[in-house]
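**Student:** Residue strings, one per chain:
Number of protein chains: 2
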Amino acid sequence: MKNFTFYNPTRILFGKGRIADLAREIPAGARVLVTYGGGSALANGALPEVREALRGFVSIEFPGIEPNPVYETLQRAAEIARREKIDFLLAVGGGSVIDGTKFIAAAVPFAGDAWDILEKHAKITAALPFGVVLTLPATGSEMNNGAVISRATSKLAFGSPRIYPLFSILDPTKTYSLPPKQTANGVVDAFVHVIEQYLTFPVQAKVQDRFSESLLLTLIEEGPKALKDPQNYDARANIMWTATMALNGLVAMGVPTDWATHMVGHEITALHGLDHAQTLAIVLPAMLTVRREEKREKLLQYADRVWGLRDGAPDEAIDRAIECTRDFFESLGVKTRLSDYGIGSEAIPALLSQLERHKMTALGEHGAFGVEDARKTLEKAL
Amino acid sequence: MKNFTFYNPTRILFGKGRIADLAREIPAGARVLVTYGGGSALANGALPEVREALRGFVSIEFPGIEPNPVYETLQRAAEIARREKIDFLLAVGGGSVIDGTKFIAAAVPFAGDAWDILEKHAKITAALPFGVVLTLPATGSEMNNGAVISRATSKLAFGSPRIYPLFSILDPTKTYSLPPKQTANGVVDAFVHVIEQYLTFPVQAKVQDRFSESLLLTLIEEGPKALKDPQNYDARANIMWTATMALNGLVAMGVPTDWATHMVGHEITALHGLDHAQTLAIVLPAMLTVRREEKREKLLQYADRVWGLRDGAPDEAIDRAIECTRDFFESLGVKTRLSDYGIGSEAIPALLSQLERHKMTALGEHGAFGVEDARKTLEKAL
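Protein sequences, first through last, are from chains A and B.
The numbering of the first sequence is our numbering, which starts it at 1 and goes up by one.
The numbering of the second sequence is our numbering, which starts it at 1 and goes up by one.
No lab work stands behind these hints, which were simulated from the structure alone.
Please note that a few of the clues may not be correct.
Copies of the same chain look alike in the list, so a pair counts if it works inside one copy or between any two.
[Stated by the list, open to error] Simulated pairs of lysine-lysine, DSS-like, Cα-Cα distance not exceeding 30 Å: (1) 376 <-> 85; (2) 16 <-> 359; (3) 2 <-> 181; (4) 359 <-> 376; (5) 123 <-> 155.
Remember, predicted model here, so these are calculated numbers, not experimental data.
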């Protein structure tokens with residue numbers, strides 16, 4: 001096991017009816033900016049409950065944060081926050097709203113051009129405190145200190161110990177009304193988060209490995225249930241808690257991590273507008289096929305412990321584990337080939353150029369995944 | 001899954017050589033009281049490294065915190081802390097030193113009689129900040145907000161959101177010199193912590209269940225390795241991280257918990273001076289036998305997932321799972337019968353009186369474990 005530092009101060013309020021506890025979590029007298037996306041925060045009932053809970057506070061609403069939240073939109077929110085002397089932010093939504101709110105939190109007190117936060121990784125020395133009401137389990141942003149922001153054809157990440165949510169409210173009933181596509185995307189996203197922290201090479205980190213397998217197994221069991229019966233509380237609750245645990249830092253402690261699937265996927269979203277989870281479902285099976293030797297030992301462990309593939313030749317177990325992964329995504333309705341989205345081989349050069357432009361040329365757990373490997377992966381994903 | 005609130009702000013610094021990072025974690029200019037037990041903190045090398053790391057600070061040492069830390073000793077430390085204007089505590093040791101330090105942290109600023117913290121559960125409105133250098137993985141106290149303190153024949157627990165360690169340093173190499181008995185006790189302690197949060201009744205909390213099973217499986221694999229080869233880094237590291245995760249709140253989220261084994265065990269320690277883990281190893285197998293119907297469904301899950309007992313009749317699987325549990329403790333050298341420690345049936349009435357005196361008469365996940373059940377359990381444990 002490698003050395004590590006773990007720190008995660010976000011308070012989680014989990015369960016039915018927890019939005020009612022909101023007022024106690026926000027500093028008394030705070031001026032609150034409520035950020036959200038579109039109509040789903042209204043439709044799922046979260047926003048009305050938030051408005052009710054915020055009665056004792058001065059609050060302003062900022063709707064319209066996009067999927068893959070856009071820099072310019074967030075800058076507008078930051079201006080409003082400054083002008084209105086906002087001192088607390090409340091994100092109501094999924095990963096995009098939360099990520100966007102993290103950026104607003106950092107941008108409001110930032111001296112200088114806030115673009116530097118993304119492009120130059122400028123150090124964040126202060127941020128507005130903020131809370132979250134989660135309505136879409138997927139990204140884990142509700143319990144971590146990272147965010148991904150889009151501007152034109154770039155998706156750029158930033159992080160800081162100052163942008164952990166102060167609290168996050170996770171009420172599984174608020175996910176009942178999710179469209180099947182978003183439920184499925186969330187399951188795929190959480191699944192691939194775990195894979196990127198697990199499917200590398202073994203370092204005798206037994207707890208982390210088993211925790212990762214716990215999350216994968218739970219998604220495999222509960223994902224289909226939530227799609228079949230959207231109001232199955234336990235399925236919704238298990239998916240919600242799994243997605244949070246999948247990217248709150250815990251399973252990455254002391255182990256190598258990969259993230260090449262994400263980086264290649266980001267470029268597909270940036271150039272072709274696919275959902276984040278769709279890009280992961282496309283890239284991952286191809287990535288595992290291309291890198292099967294590098295990941296051999298963990299692929300065998302994955303085959304055994306997650307898919308129960310214990311018999312037969314090792315290479316066959318690996319083949320079947322990759323196949324099971326693809327079939328799982330497809331069974332949720334998330335297509336796993338570029339061609340399923342009308343993207344052909346002619347798109348590959350531009351995707352590779354984007355990776356080079358963003359200096360994504362030494363990816364993976366060994367820092368050895370370069371543009372040629374990305375080409376092979378994208379070709380396998382056609 | 002039940003509703004829950006999760007919050008754990010302790011920063012973990014895990015790995016070889018992390019004591020060197022100590023100075024950065026303590027507020028600049030702090031006056032530090034270093035608390036420890038006996039000579040083991042010197043022998044394992046932790047204390048010399050701590051002294052080296054604390055060179056830039058005013059620091060005083062307070063040795064002599066006992067196993068099952070004693071109220072009067074801790075009050076003496078609190079007096080010294082007040083007199084010397086200490087504003088940071090650093091516990092170097094295992095659960096007893098950490099628990100004791102938590103009490104000192106709460107007692108120093110406490111207005112009134114500090115005994116009220118334990119006896120009357122007086123609210124703690126302030127506490128000195130403190131850090132931990134862990135040298136004995138077992139109790140999980142390094143990443144939680146609870147403590148157990150002894151006075152005469154009472155072992156009393158207290159807890160507060162204000163007594164989370166600010167940080168805990170976990171260097172597995174500092175456990176190389178542990179006597180086999182302490183290594184084994186630590187594994188048993190962590191194992192039973194998980195069991196108390198897992199082996200109750202099912203509530204469809206799939207992540208928590210699998211995380212618990214992850215911890216149990218890791219202890220079963222790694223415990224014997226650490227005893228056989230005390231300098232096996234990975235075994236020591238896995239045990240250390242498992243023991244921390246076993247009682248940092250995570251696996252208890254949203255599930256019923258038991259703790260009857262602990263409460264009965266506490267009385268055996270108080271009256272007969274057995275190690276905490278010895279009492280758990282005695283009580284647990286007997287407890288599971290007595291309560292096998294109440295715990296039936298989870299016992300079957302435990303038999304299957306932890307001990308691989310999938311075939312045969314359910315009752316047989318339960319019998320064998322309980323037997324495997326006992327055999328595991330015995331294989332570590334921790335005896336599992338009262339008679340192994342020279343305690344006979346004549347000791348039972350006094351133990352039951354103690355439980356009544358401490359109002360421990362409605363224990364367990366259903367609050368239904370009373371004095372008669374404790375009698376049956378102790379009789380089974382003879």
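**Student:** If a hint holds in the structure, say so; if it doesn't, say that too.
**Tutor:** Status of each hint after checking the structure:
| no. | hint | in the structure |
| --- | --- | --- |
| 1 | 376 <-> 85 | neither (51 Å within a copy, 65 Å between copies) |
| 2 | 16 <-> 359 | neither (44 Å within a copy, 33 Å between copies) |
| 3 | 2 <-> 181 | between (38 Å within a copy, 27 Å between copies) |
| 4 | 359 <-> 376 | within (18 Å within a copy, 68 Å between copies) |
| 5 | 123 <-> 155 | within (19 Å within a copy, 48 Å between copies) |
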